[in-house]
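Undergrad: Residues per chain, in single letters:
4 protein chains.
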Amino acid sequence: MTSGKVTRINLRSLVLGTVLGVSIMSVSAWVSGQSKSADKLPLGDKFYPSEFGADDQRGAANRLTPEKTLRAAQLVKQGRTIQLGRVYEQGMPMPGKRHFSLTIPGLPTGSPSGSNNIVHNDELVSGEIGQVGTQFDGLGHIGVRVNGEDLFYNGNKLSEFGDTYGLKKLGVENAGVFFTRGILLDVCALRGNDQLPAGYVITPDELSTCLEMTKLKIEPGDVVFIRTGHGKLWMKDNKAYGDGEPGLGLAAAKFLTDHKVALIGADTWAIEAVPGENKDVLYPVHQWDLTRNGVYHLENLDLEELAASGVREFCFVFSPLRLKGATGSPGNPIAVY
Amino acid sequence: MTSGKVTRINLRSLVLGTVLGVSIMSVSAWVSGQSKSADKLPLGDKFYPSEFGADDQRGAANRLTPEKTLRAAQLVKQGRTIQLGRVYEQGMPMPGKRHFSLTIPGLPTGSPSGSNNIVHNDELVSGEIGQVGTQFDGLGHIGVRVNGEDLFYNGNKLSEFGDTYGLKKLGVENAGVFFTRGILLDVCALRGNDQLPAGYVITPDELSTCLEMTKLKIEPGDVVFIRTGHGKLWMKDNKAYGDGEPGLGLAAAKFLTDHKVALIGADTWAIEAVPGENKDVLYPVHQWDLTRNGVYHLENLDLEELAASGVREFCFVFSPLRLKGATGSPGNPIAVY
Amino acid sequence: MTSGKVTRINLRSLVLGTVLGVSIMSVSAWVSGQSKSADKLPLGDKFYPSEFGADDQRGAANRLTPEKTLRAAQLVKQGRTIQLGRVYEQGMPMPGKRHFSLTIPGLPTGSPSGSNNIVHNDELVSGEIGQVGTQFDGLGHIGVRVNGEDLFYNGNKLSEFGDTYGLKKLGVENAGVFFTRGILLDVCALRGNDQLPAGYVITPDELSTCLEMTKLKIEPGDVVFIRTGHGKLWMKDNKAYGDGEPGLGLAAAKFLTDHKVALIGADTWAIEAVPGENKDVLYPVHQWDLTRNGVYHLENLDLEELAASGVREFCFVFSPLRLKGATGSPGNPIAVY
Amino acid sequence: MTSGKVTRINLRSLVLGTVLGVSIMSVSAWVSGQSKSADKLPLGDKFYPSEFGADDQRGAANRLTPEKTLRAAQLVKQGRTIQLGRVYEQGMPMPGKRHFSLTIPGLPTGSPSGSNNIVHNDELVSGEIGQVGTQFDGLGHIGVRVNGEDLFYNGNKLSEFGDTYGLKKLGVENAGVFFTRGILLDVCALRGNDQLPAGYVITPDELSTCLEMTKLKIEPGDVVFIRTGHGKLWMKDNKAYGDGEPGLGLAAAKFLTDHKVALIGADTWAIEAVPGENKDVLYPVHQWDLTRNGVYHLENLDLEELAASGVREFCFVFSPLRLKGATGSPGNPIAVY
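Chains as they are written, first to last, in my numbering: chain A, 31 to 367; chain B, 31 to 367; chain C, 31 to 367; chain D, 31 to 367.
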C-alpha cells in the first residue's frame, strides 16, 4: 500500500465522516496541523482539560452509565460467552525487555498439614503484567513530553503524579468496570484477506463500511473491536506478530473517538498500524486515544471465535484488576450474546 | 462459641437440610466418618471421580450453562455495578512468605520517541498473584496427600500433572467465565454483629435462615457470597484480619455443595472458620469444596457496598485470567443488578 | 547528645585533621558553607569533575592498584577468613517498599531425566537485590537534584545515562574488584557500649582515636569499617534496627574521604547517623561519599566476629556482581588475615 | 569424534591415573559398573555417606583450610586481578524457562528529599539468580531420584530438607568462602583449536597433559578451571552457546575428584560435554561431582583474559552470596596473581 493511496482513502473518509455526523472541520484542522507542525501531532496545541472535567481520572469510562449496562445486558439472548483474552504463558510475543515468568513454588507449595494432610500450590508471577499478553491500557500508560514535562491525560504531569511504587493519579484502579455494548468491525473480512499485512492503515472509510454491514450505529460508551486477522500469528510466528501490524490510522482513530467510544480493542499489540502513516510519528493513535481522549485500549485479543460466530453486537464485560497505581491490567474480556 | 453449641446447631442444620432437599444420610455418614477416622475427613474414602466425569478439569464451572448466563443477564434491572474486588497494593494482608511488589520501571518506562515525543509507563509486578489479595482458587490449588501421593480434584496426581512452570492439568485457564446468578447471604447482619469473631463457625442453619430472609432458593450453578463483616479489618488491622476469621464449617460447606453452587465467595481470606471446628483438621472446607466437589472459592472480597445496597440476588461476572497452569487468579469480580 | 557537643568534637577533629595531613581549610570552608547555605551541602558549589577525571566511572576504586592488592595479600598470615556478609532471607530488615522473595520453583525444579534419573533445583529471587541485605552502593545509587536535573558522580545527568533496564553509565559493573587492605575501627568498643544508640553521630575525633589504638594509618585505597554494635539488632529487633542508627557525621565522612579510602563499611544500613546532625539534611554522607567523592559504601555488614577476633588490619576482598547498569550489588565481603 | 576413540582415550587415562596416584581399582569398578547397570551410574550403589561425614553439608569446601588460604595468598606476586564472572544482562544465554530481568524502579527510585535534594536509584531483579549467567552450583542443586525419593549430597532426601522458601539443608549459605589455589587447564589451547566443538568429551588424558604443561600438581582443595573456548560464543551466538558444549566426560570428572579438588569451573554452562558420551545419561558429571563427591561447579565463566595472561596458577577467590536455602549463587569470581 503506497502512502499516496493512504492519503486518498483518508480524504474519502473525511467525506464519510460528515455523513456520520463527524465534523469535517476538526479532522481537517488536524490534517492541516499535521503538515505545518509535527510537534502539534497528534495531540494538538491544547489537549486538555478533557471533556470530562479538569480533575477527571476516568476518561471515556465516564460514558459507562447504568443505562449502557442495562442495555448491554439486554443484548444477551442466548447466554453464550466468548473469551477474548489470550492464555498468558512464557514465550508469548512481547516487545523489548518486558518479561513474563510463572512458576509453582515448591510443588506443592505447602506441604501436608493437619490430620487431613492438606497440600496446596501457589503460582509466582513476575512480569509487566499490565503490558504483556492481553492487556488493557489505562490512562497512566501513554503521555507526551512537552518542554521537559511528561504530560498525560488531562495534562497531568508525571513529575507530580508519578511514583516508583504506583502512580498517584490515573492508576488503573480508577477505570472501573466495562459492562457495555460491544461491536465487532471485521476489517479483515471486509478486505477478503486471511489477514491484513503489517503496516496496513485502516481508514475511517473501512470502518464505516464495516459498520454499515452490521447495520449498527456506534453510540457513546460502546466499545469497538477491530479484527485484522493479525492475531492468527500469535504463538505461531511470534516474530512476524511483533515486527509490525495492521491497524488504525489517525483518521480512523478519530472516527472512533468522535463516536465517543469508551474503549477500542484489536487482535494486535498496538491497535494501530505499525509502521504507521508517518514513520517519524510513533504510536500516534495511542496518544490520540489515551492521552487526548481518555479512550482505553485492549490489545492482543483473540477475535477469531467472535468473528466466526457471526455476532457483531454483544454484551461486553471487562473488569480491570484494581492494581493500585498501575498503568494497565491483564484480563480476560468477554463477549456475551 | 463453645464446641457444644456448634454441634447442636449442626444437628439442627441436618433437619433443615432435609427440608431443603439435602440427604441426611450423606451428612450423617460424613459426621460419623469424622468420629471414626480422621483421615477420611473431609474427603472421605473415595472422592473421585467427580460427578462431572473422570477426565473433567472444570468442576462446578460445568454448571455455568448458557441458560444460567441468560437468566443472570435478566437480573440486571438498573444497570448498576458493584466491584467486589479489592485494590492490590503492597502492604495488604498476606499469609506466610507470599509477597506483592508493584513498581513503575523507569518512570517513564519509555523515553520520548518519535517526532511526537511519546512516552509510556509500564508496571512490573512480582508476587503470588493468584493467591494474594482478592483471589480465585482454582482446582490446582488444594489437594491431599494420600500414601505419598498428592491428589487433587478428580484424583489427579501432582506427580503427574505438576510442572515447575505451570500445571499441566487443572490450570485456571480451564475454569472459563462465571456469568451467572449471585446470591448474598449476610450472616453478619443475621447475627446483628458488626463483624463475626475469628473462629466463628457458620452453620447450615444460619445459611438457611439468611436464605429464607432473601426468599430465594439456591439453584445449581449459582454463586453464593457469605458476608461475615471480617473484611472491615482489611488495611485497617491487617494482623487481626490474618490471625483468624469467621467462616463456614464443614456442614455449611456441604449445605452449599449439596445445592450445587459453582463458587463460594466471602469477605475473608479462607471462606471457612479459622481456627475451625477441629483444630487438628486444617482448611477442611478447602478440601471439601475444591478437591472433592470442584467448587471454586473467591477470597478477600469487599462485600460491604453490596450488603449496604440491599441487593441479595444479582448478575455475577468473573472472568479469571487465563494464566496457563496457574492455581488461581487475581480479579475484580462484579455484581450487576 | 546535644548539637553543641557535636560541634565541639567537630572542632577538635579539625585539629586532629591537620595532624593527620588533612587540610583545615577545606573542612572549615565546608563548615562555614553549612551555616550559610543549606543547599550547598554536602556537595558544595562544584562537586565535579572528580579527581579521577571528568569521564571516570569508577571513582575511588581507581585507588585499587596492583600494589594495594599485593600488599593486602601479604596481610594474610594465618589463612583465616571471616565472612562480613549477612544471610539473605525473607523478613530481613528493609526500608520502604523494597522486597526480597526466594522460592524454589517446582521442588525439584527439574523432574527426573535420563536413565540416571537426575533431578535439579533452582531458586527464583525477586527483589531490589543491590539494595537489600548486605549491599554495596555503587555510583549510580545516589545523586542530587539541581535545577531539575538529577546529578550523580562526576556530574552525570540521570536524564542522559538513566535507562529503565540498567544505567548506561555508572553501573556497578564498572567498579571492579576490591582486593585491598581493610581496617576495622571499633567505635562501639571505644565508647564501651554494647551498642551505640540511634542518632549517635560519630566524629573524626573518635575515628582518630580508634585508629591510634590500632597503631595503623589509613592509606589511599584502604577500606575502613566502622563498628557501632547496631548490627546486633539484625533479625533480633528489626524495627529498632530500621528506625534509626548510629553512624558517621559529615565531618567523620570527610575525615575518611580525605584519607582517600576506597570504600566505607558498617554494621548499619546507611553508614551514617540517622537521624543526622541536621534533620533537614537527609543522608548527607551518602552524597558526600558517593556523589562527590566516588567512595563506595558497604552496608548491613556483620562485624561482630571480626571485632571479636581482635584483628584490625586484614586483607579485604569483595567482588561485586557485574549486574549491567545496576546501582549496587549484593555480596559476601570477606576479611582474611 | 567416535565413541570408540573416546573409550580408548579413557583407557589411557586409567594408566595415567595410576601415575598420578589415583587408584585404578576405583575407576575400573566404576567403568565396569557402567557396562552392567545403567542405574548405578554415575552415582553407584552407595554414594553416601560422604567422606566428610554423614552430617556434612559443605562437601569439598571442607578442603578449604587456613593453610590453603595462606598458600593461595602467597601466589599473589604482581597484585593483578582478573574477573572471571560475566556481566549479567537481559538476553544472556539461558536454558528452558529461566529468566533474568533488571529494571530501575522510578528513575530515580527516590525523589528529591531533604534540603539537600538527595535522589537515589535501586534496581529490581527477578530471575533464577543462582542459575543464570555466571553461576555457582551448590549441593542442593543436583540429585537423583531413587525409588521415588530425590536424594542429594550425603543422601539427604528432598522430601525432608526441601522447602518452598529455601532448602533447610545444603543451602548455599553453608558453602563458605573459596580463597584457595586455582589452576587453569587450557584444553582448547592443547587441541590447537579456536574452540572445541559441542559434544567434545574431554578426557583424563587431556587434563593430565595440560597439567604436565603447567608443571603443577593438583592438590586437595584446589580449584581447577577448564577452558574450552566455547565461551567465545557468549552474547555472540547464544543459540550455538546453548545448543551443546564441549566439556568433561565422567572419567575426566573422576580424575579431578580423585585429586580432591574443591570446585571445577569452565567457560561453558555445564562443565561437562553436552551431548555426553552416553546420550541416555544426562549431566552425569553434575551427579558425580555435586551429589556424590560434594565438589562444586562454577559455570559460564569468562576464561579468555586469564588464558591470554599466561597465568596457570593463581589465588582464586569466590565468596558465594549467603542466600538462605538457595541451590546456587551468582558471582564474580576472581583470579589474583
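What the hints contain is simulated information worked out from the structure, not anything from laboratory work.
Just so you know, not all the hints are guaranteed correct.
Capping the alpha-carbon separation at 30 Å, the derived lysine-lysine pairs in DSS-like fashion look like this [to be verified]: (1) A:269 / A:309; (2) C:262 / D:262; (3) C:290 / D:198; (4) D:269 / A:262; (5) B:262 / C:127; (6) A:198 / B:262; (7) A:198 / C:127; (8) B:198 / D:269; (9) A:266 / D:266; (10) C:269 / A:309; (11) D:187 / B:198; (12) C:262 / B:127; (13) D:107 / C:127; (14) A:262 / B:199; (15) D:187 / C:199; (16) B:187 / D:269; (17) C:269 / B:266; (18) C:266 / B:127; (19) A:127 / C:269; (20) B:199 / D:187.
Undergrad: It remains to establish, for every hint, whether it holds in the given structure.
TA: Consistency of the hints with the structure:
1. A:269 / A:309: holds (20 Å)
2. C:262 / D:262: violated (46 Å)
3. C:290 / D:198: violated (43 Å)
4. D:269 / A:262: holds (27 Å)
5. B:262 / C:127: Holds, at about 24 Å.
6. A:198 / B:262: The given pair, whose Cα atoms are some 24 Å apart, holds under the 30 Å limit.
7. A:198 / C:127: holds (15 Å)
8. B:198 / D:269: Since the Cα atoms of residue 198 (chain B) and residue 269 (chain D) sit roughly 27 Å apart, the hinted pair holds (cutoff 30 Å).
9. A:266 / D:266: holds (26 Å)
10. C:269 / A:309: violated (55 Å)
11. D:187 / B:198: holds (25 Å)
12. C:262 / B:127: holds (24 Å)
13. D:107 / C:127: violated (46 Å)
14. A:262 / B:199: holds (25 Å)
15. D:187 / C:199: Cα-Cα ~46 Å, so violated.
16. B:187 / D:269: Violated. Residue 187 (chain B) to residue 269 (chain D) sits at ~36 Å, over the 30 Å cutoff.
17. C:269 / B:266: holds (20 Å)
18. C:266 / B:127: holds (18 Å)
19. A:127 / C:269: The hint is violated at about 36 Å.
20. B:199 / D:187: holds (27 Å)
Against the hints set out earlier in the document, violations occur for numbers 2, 3, 10, 13, 15, 16, 19.
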